[in-house]
Structures are given as structure tokens and as C-alpha cells.
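There are 2 protein chains.
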Amino acid sequence: MSDHKGFTLWFTGLSGAGKSTLAQYLIPMFTEMGCLVECLDGDEVRENLSKGLGFSKEDRDTNIRRIGYVANMLSRNGVIAITAAISPYAAIRDEMRGNCKAHFVEVYVEAPLEVVEARDTKGLYKKARAGIIKQFTGISDPYEAPEKAEVTVHTGDQSIEESAQKVLDYLHEKGLIPARQVQKA
Amino acid sequence: MSDHKGFTLWFTGLSGAGKSTLAQYLIPMFTEMGCLVECLDGDEVRENLSKGLGFSKEDRDTNIRRIGYVANMLSRNGVIAITAAISPYAAIRDEMRGNCKAHFVEVYVEAPLEVVEARDTKGLYKKARAGIIKQFTGISDPYEAPEKAEVTVHTGDQSIEESAQKVLDYLHEKGLIPARQVQKA
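Heads up: the protein sequence lines correspond to chains A and B, in order. Quick note on numbering: the first sequence equals residues 1 to 185 in the numbering used here. Quick note on numbering: the second sequence equals residues 1 to 185 in the numbering used here.
Chain A on its own, in the form it takes in the complex (with noise of 0.2 angstroms):
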């Protein structure tokens, strides 16, 4: 059993901007570190959380709400809770942190637009783009980038093993995560 404290890693960003990699790449290095560790990641909550919710704004914020409850429930047990949903609405990720009864720290997985639709992971932009899906955040729904979040990272610039760093040295900076050997390149 880990004596590490729970919090909430909120990730927010454009779709292909680097959520799930990074969360994915977080994860083995939070698990060696003694911590328990979730990932609330947007397909998979779609799937068993919010299945028949589209994208409206409302049900784009039900959606969160849902992803905020559980990661709530599970932060404030000792878990950390990544959640990895684009979340593209100010208030109410803002509402989240502040129903969050862990330390709720907000990561901006920042990457211009141009970037993530070069990338185009999924093929989502080129259907967004010719209509095929609607609502898409960036294309044709708004994105609110955080203006306070704990911590920014520029995927299109940094590659992913200094976007985790950026995120680890946060982490324990603010003593949320237990000392460890950090290799400096």
C-alpha cells in the first residue's frame, strides 16, 4: 500500500495534442514509485461512463462532471487520477478543481493547431475538416486554453520525455510525489 497523498492530474488540450501519450508515459513511472495510479482517459470514460452522450457543450460537460466525480472519489483515497479528456470549457474545469478535495493540478498539453492536424493521429481532422464530424473542438467547437494551469507543456516543441519532466518536477516540487534519483540528460 502506497503512503503517498491522492491528487488529480487534469490534463486539457486539443485532440492529438498529447494527453493519453503522456499520461500512458506517466503512469510506469508513477506505479515504480510506490504511488496507485488511474487513468480516466476520454474514449475509455466515453465507453463506460457517458455512452450515448454527444458533443454538445452540455453533454460535453456532463461528460467531464462524470470524469471529475470518479476522479474525485479516487484522488481523495490516496489515488493519483490522470484524466486525459480534451475538456475544452474554462468553467468547468474550473468547477472540478474546485469540487476536487485533493490537490487538483491542471496540465496544459499545449500544441498549435497546425501541429495536431499535421499529426492527424486518428484521421479525426480530416473528417472534422470535411464536415464529416461535427462539434470538433478547435475545427469547428471552441477550445478554452487554461490561463492559470500548474503546469504548460508544448508538445509541439519539447519532446515527450521533457513535457513528463516538466510534470514530475512540479509534482514534487509541491511534495506530491516521493524523492527519487532523477537522471538529468
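Please keep in mind that the hints were generated in silico from the structure rather than gathered at the bench. One thing to keep in mind: the hints can contain errors.
Intra- or inter-copy, both count: the list cannot distinguish identical chains.
[Unchecked claim] List time: in silico DSSO-like cross-link candidates among lysine-lysine, alpha-carbon distance up to 27 angstroms:
{"id": "1", "residue 1": "Lys-51", "residue 2": "Lys-134"}
{"id": "2", "residue 1": "Lys-5", "residue 2": "Lys-148"}
{"id": "3", "residue 1": "Lys-148", "residue 2": "Lys-127"}
{"id": "4", "residue 1": "Lys-57", "residue 2": "Lys-127"}
{"id": "5", "residue 1": "Lys-5", "residue 2": "Lys-101"}
{"id": "6", "residue 1": "Lys-57", "residue 2": "Lys-174"}
{"id": "7", "residue 1": "Lys-51", "residue 2": "Lys-166"}
{"id": "8", "residue 1": "Lys-57", "residue 2": "Lys-122"}
{"id": "9", "residue 1": "Lys-126", "residue 2": "Lys-51"}
{"id": "10", "residue 1": "Lys-5", "residue 2": "Lys-166"}
{"id": "11", "residue 1": "Lys-51", "residue 2": "Lys-122"}
{"id": "12", "residue 1": "Lys-57", "residue 2": "Lys-126"}
{"id": "13", "residue 1": "Lys-148", "residue 2": "Lys-57"}
We have chain A already, so just place chain B on it with the hints.
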């Protein structure tokens, strides 16, 4: 931080049988033992995870799958996850048991329909009999009693203390909760 193992304590039974009452009675006892505990109550979950879902078999199953998804996540991280939804269908309860990575303890909170209907704590049975509420478990919708529940309590003729003790005895016997001084009546 607690050193006990998490498990799911899945209550099932008719509306008014005493699932939430029993859960609320047990929670401070678990807390005093140094255990982490969360309760996924039927009404609260409908508000936070399942708003918009109705009471068709499909919607009920979706609701129960969401509860099971969260309970599994909590219990595999060392939390006692108590669920207190009617969960009338045996197949979906068994599915949740199969999905659960931690111990899964099904508690059948049994009380005869006559008893819960006479109690009618929330006035729901009266509305169900009058046809104001449709698809009401026990009246106009089925309840499939568990055949192999780990614990069965009969709240029609057992006190809340007796029912709680029966649950605690089982958990203690299985080593799921720490040893404690049990004061026999």
C-alpha cells in the same frame, strides 16, 4: 493511509429493504477500523453518473455497469467500495463480479415485498401501485434474487445491528477487515 485490501461490497435488494441504511451504518465502523470507504448509493449515482437514464432493462444495466466500473477502480486501489443500488438483474450483477479485480462480496438485503411496501419510506410503492411510477422493481418490474450471495440479511426480522454484524462477521472471517474487539450483545 490504510493497510487493508480493498473490496467491493455489493448490496442488492428491493427499494426500502435497507441497503442505504445498512451502508450508512457500516461506513463509520469501517472508518474506525482505519479502512478507506466510499459508498456508491443508487440515488447519488443516478445524479452524478447516470442522469438521463431511465428504468428500462437496458438503462438499468448501463447504470449498474457504471457503478461497477467505479467500484472496481476504487476497490483495486485499496478502498472498500459499497454499492447500494437495487441492481435487480442477476446477470449484470454476475458480470460486475467477473469484472472486479478485488474481492467481490454480494450482500442480499432481503425483505418481503409486503414489509417494504408497508414501510414505503419514500412513498414510491404507493406511486408504483397507482401507476404513477412505471417499471418499479417488485411491482411492475422484476427483481431477481441472488442465489449465491456471500451474505444474506433479512431486514424484515433482523435489526440493523444484527444485519451489520452478519456482514462484519463474514468480512472478518475472510480476512477482509482488520481484527477488532467485537462486543457481543
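What label fits Lys-126 with Lys-51 when the C-alpha limit is 27 angstroms: within, between, both, or neither? Within one copy, since 24 angstroms is at most 27 angstroms while 33 angstroms is not.
Regarding Lys-57 and Lys-126, is the shortest C-alpha distance of 27 angstroms or less found within a copy, between copies, in both, or in neither? Answer is within: at 22 angstroms inside a copy they meet the 27 angstroms cutoff, but 38 angstroms across does not.
Is it within a copy, between copies, both, or neither that the alpha carbon of Lys-51 lies no farther than 27 angstroms from that of Lys-134? So Lys-51 and Lys-134 pass the 27 angstroms test inside a copy (17 angstroms) and across (24 angstroms) alike.
Quick one: Lys-148 to Lys-57, C-alpha cut-off 27 angstroms, is that within a copy, between copies, both, or neither? within (22 angstroms within a copy, 45 angstroms between copies)
Homomeric proximity label, Lys-57 with Lys-174: Cα distance no greater than 27 angstroms: Answer is neither: 34 angstroms inside a copy and 47 angstroms across each miss the 27 angstroms cutoff.
How would you classify Lys-148 and Lys-127 at a CA-CA limit of 27 angstroms: within, between, both, or neither? Close neither inside one copy (32 angstroms) nor across copies (50 angstroms); limit 27 angstroms.
27 angstroms Cα cut-off: does Lys-51 pair with Lys-122 within a copy, between copies, both or neither? Answer is within: at 20 angstroms inside a copy they meet the 27 angstroms cutoff, but 30 angstroms across does not.
If the cutoff is 27 angstroms on CA atoms, where do Lys-5 and Lys-166 land: within, between, both or neither? Let me know, please. within (20 angstroms within a copy, 33 angstroms between copies)
Classify it for me, Lys-57 with Lys-127: is the Cα-Cα distance of at most 27 angstroms met within a copy, between copies, both or neither? Within. Shortest intra-copy distance 20 angstroms satisfies the 27 angstroms Cα cut-off; inter-copy 35 angstroms does not.
Cα distance capped at 27 angstroms. Does Lys-5 pair with Lys-148 within a copy, between copies, both, or neither? Classified as within: same-chain Cα gap 23 angstroms, cross-chain 38 angstroms, threshold 27 angstroms.
Using 27 angstroms as the alpha carbon limit, work out where Lys-5 and Lys-101 are close: within a copy, between copies, both or neither. Both. Shortest intra-copy (12 angstroms) and inter-copy (22 angstroms) distances satisfy the 27 angstroms Cα cut-off.
As a check of your reading, is Lys-51 near Lys-166 (CA-CA no more than 27 angstroms) within one copy, between copies, both or neither? neither (34 angstroms within a copy, 38 angstroms between copies)
The structure shown violates the earlier hints numbered 3, 6 and 7.
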